[in-house]
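Asks: Below are the chains, spelled out letter by letter.
Protein chains: 2
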Amino acid sequence: MKVKRSDRLIDMTNFLLDHPRQLVSLPFFVKRYSSAKSSISEDLGIIKRAFKARGLGNVQTLPGAAGGVEYFPGVSVPVATEFLELMAGKLADKERLLPGGYLYLSDLLGNPNYLKVIGRLIAAQYSGQKVDAVMTVATKGIPIAQSVAGYLGVPFVIARRDAKITEGATVSVNYVSASSDRIQKMELSKRSLSEGAHVVIVDDFMKGGGTIRGMHDLLKEFQAHLVGITVFAETSFKGQRLIQDYTSLLKIVEINTQTDQIEVQLGNYLDKLVAVQTSKQE
Amino acid sequence: MKVKRSDRLIDMTNFLLDHPRQLVSLPFFVKRYSSAKSSISEDLGIIKRAFKARGLGNVQTLPGAAGGVEYFPGVSVPVATEFLELMAGKLADKERLLPGGYLYLSDLLGNPNYLKVIGRLIAAQYSGQKVDAVMTVATKGIPIAQSVAGYLGVPFVIARRDAKITEGATVSVNYVSASSDRIQKMELSKRSLSEGAHVVIVDDFMKGGGTIRGMHDLLKEFQAHLVGITVFAETSFKGQRLIQDYTSLLKIVEINTQTDQIEVQLGNYLDKLVAVQTSKQE
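Chain order of the listed sequences is A and B. Heads up: the first sequence is residues 1464 to 1745, going by this note's numbering. Heads up: the second sequence is residues 1464 to 1745, going by this note's numbering.
Careful: at least some of the hints might be erroneous.
Because identical chains share one entry, a pair is satisfied inside a single copy or across any pair of copies.
[Unchecked claim] Okay, derived cross-link-like pairs now, PhoX-like style, lysine-lysine, Cα gap no bigger than 25 Å in a straight line:
(1) 1553 to 1653
(2) 1511 to 1467
(3) 1653 to 1593
(4) 1579 to 1511
It should be emphasised that the hints constitute simulated quantities derived from the structure, not laboratory data. These numbers come from a predicted model, not from an experiment.
Based on the sequences and whatever the hints tell you, model everything.
Replies: Written as structure tokens, this is what we have:
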């Protein structure tokens, strides 16, 4: 039975949101809704316009026999700015201060509403690039990696500091945590990443960059390619960072344990996003 | 400027999917689309019907001044059955067998497409109940907890076997792993759960039930209420299980390391889902 336009629009919206960066052939929708190809094309035009108006990203239609439609999640600069300012305000809350000048973040990184936006923001940066997987290190980076992977439509893989019998054979690297000067080890299951994969690295926090550098070294052991690095928050760091080219959503400038004050700024994310969006329009 | 019906339907679909179990007032949409309340009501009627037809769950409208619309994610029995059979087939793949009779699962639980369905399935079970948080234990349960929490619109909290300085003060319990008879400890940050919270417990795997029992004991320390327990896979276990009332999506009946055969059945999930759906219709 032919499905009405209103019902098609609702179901297609849901389908595209659920299958980002996956080429869906027009005949698939033709069959799903018992509707003409021309009607489906019109539907997609309406969805493309509505997604664009709300800054949800780009719905791209490819003509021809191998063609179809593909949804690339995106975000508008105003929506991104508003969210990052909200997060900066929350990070600066002195109630987060823990002994030793650490910050409690589990409420933010355990909130699926925030994680959805964080994932969308990070994914939007890589919308024009080939990505096969998202990588992080256990434990705090996992929710971010999962959310980003969801918007990029690829798997996420987790490096670990402690070997688990349920991971099978692993590849390991040693790395130096620049902030503590200690040598540590991280491992990644051999099965989890295929040779030559294009990988985005994400983590919750970066200080000296040693952990990220360790993940990068792991990638090299897999002959994998680094697409980019994004962290939720970087902290200011006196000394030479082990990683130069990265994106941060937020920057913790100072944690003053005497006055209980936390100074937070936006990271370099918005600059990177604008650069990506500008290059696509050219 | 007034927004057209087609554009409203697309944006509302996205909005409701992104804000499950959150009451949205009709005036919010009236303002967002500069449209009459009667038009918004009609839109919601169309969305309700379309979601129901695809088994996406229930769009509930509440009349009156305090009213509005709320989306409860759900799943149809055929969609759930098809997915669980797909997972059962994948679990029975002998390539997963690791030394010691362990199974490699990271590919399944690192795939955001599968995680979305797993989260939807588990959330659908609790759609009629008050839930304040989802709880799991690090590390493998995290992706499941995050996905379920996303569909329930609540935070997830992570118990840990190793204390972290970034968690602040914690509450800890000892628990006995029934499969290994070893006493272990797990901790939960005091900040992560408020007293009296209603909590769903999830994990990737259950054998003797000791770990789940540990989480249940932690809940008691927080004066929190257990809403339900769901695991991705249970394994058959000779002896007395420490947990009786739980849901499993899958059941690993036997792992034969001699013949490299893994026997997998569906768990009790479908029975539970049917019971929930039947009770709601009464």
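Asks: Tell me, please, which holds for residue 1653 and residue 1593 at an alpha-carbon limit of 25 Å: within, between, both or neither?
Replies: Within. Shortest intra-copy distance 22 Å satisfies the 25 Å Cα cut-off; inter-copy 42 Å does not.
Asks: Regarding residue 1511 and residue 1467, is the shortest C-alpha distance of 25 Å or less found within a copy, between copies, in both, or in neither?
Replies: Both: 19 Å inside a copy, 14 Å across copies.
Asks: Is the C-alpha distance from residue 1553 to residue 1653 at most 25 Å within one copy, between copies, in both cases, or in neither?
Replies: between (39 Å within a copy, 19 Å between copies)
Asks: Are the CA atoms of residue 1579 and residue 1511 at most 25 Å apart within a copy, between copies, both, or neither?
Replies: both (21 Å within a copy, 24 Å between copies)
The structure shown violates none of the earlier numbered hints.
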